[in-house]
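Colleague: Given the sequences, and given the hints that come with them, work out the whole structure.
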Amino acid sequence: MILDLCSSSRAHTPNMTPIIPTANNPASATKLRFARRFLRSLSKMSKTRPSCPSSICVKKRSEGLKMAAYWCMARSVGSRRAWSRAILMKLSRGRQQHPHHHNFSMKRKIRRPTWLGKTKKKQKKKRNITCSSSSYDDEDEEEIMKRQTEKLREVVPGGKLMDICSLLEETAHFVTCLADQVHVMQTIAHRYS
Amino acid sequence: MSGQKSCRASNLNENEINDLVWRLQALLPRLNRRTDSRVSVSKILKETCSHIKKLQKEVEELSERVIELMESADITEIDEESLRRLLLH
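Top to bottom, those sequences are chains A and B. The first sequence runs 1 to 193 under the UniProt record's numbering. The second sequence runs 1 to 89 under the UniProt record's numbering.
What the hints contain is simulated information worked out from the structure, not anything from laboratory work. The reader is advised that the hints may include incorrect statements.
Covered stretches of chain A (in silico footprint by chain B; criterion: 3 or more residues with CB under 8 Å from a CB of chain B, positions within the stretch not fixed) [what the hints assert, rightly or not]: (1) 28-39; (2) 80-86; (3) 171-182.
Here the structure is a predicted model, which is why all the values come from computation and not from measurement. Idealized CB from N, CA, C, for every residue including glycine.
Modeller: Here is the structure:
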């Protein structure tokens, strides 16, 4: 996918249909907005180098970059989606608590929700939280559906407050934007490797 | 969408829910090829969760990779224009 993009000749006419490996083409405007914002964050980060390039510093900075990526994507979507609003609210609370840090690299006390991905150190496996008294063998389709819906609510930002219809709609948009985000980051990583 | 507030378990418009779930299926790379066989709703939901988690993990790994590249390759100027072209073409 990345090689296809990078090896495509620059002789393509500007009117050619963009090759975007996502389901919806209208997402491309958001994708470009994200790319622009993310590059700005990257520029800022590249100018502030840590004094000791230890592995801990690298981990902290990559964590900060990850948060910046989610922030940039949520900003690019704006407030028109519940999931983006949830991300913006959550991350801006973190910025308020640490006003001295304009980037996200020094957040320590913020509880990271599941939908921002888990940090590698604190991997809490939540098992059997929604386990009912009956064993899994006896579960019918409805119980399975309930369980899967609950899991989906945990991974989609703001999912816990949505009704099922909104949850499914928001999930579809979230998945598309997340795929765009990954694609942009892959392109950047490939460009500079 | 009308009637979002009345979407409770007992009053669900099943067709509406199913439509939304099939739309999800179209976004999942592992399930959207099988258009002939019926995939159950719970399977689609399960696959959606794992797809989202997979993407989140990729974001994390890519962040690490980009930081490492920044440390080693001394990237001070990032060419926005060429990246935009890469994304568009």
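Colleague: With reference to the structure, classify each hint as holding or not holding.
Modeller: Comparing the hints with the structure gives:
1. Proximity of the segment 28-39 of chain A to chain B, defined as three or more residues with a beta carbon under 8 Å from a beta carbon of that chain, is established by the 6 residues found.
2. Note: the segment 80-86 of chain A has 0 residues with beta-carbon separation from chain B under 8 Å; the three-residue rule is not met and the coverage is violated.
3. For the segment 171-182 of chain A, the stated coverage by chain B is satisfied: 9 residues place a CB nearer than 8 Å to a CB of that chain, which reaches the threshold of 3.
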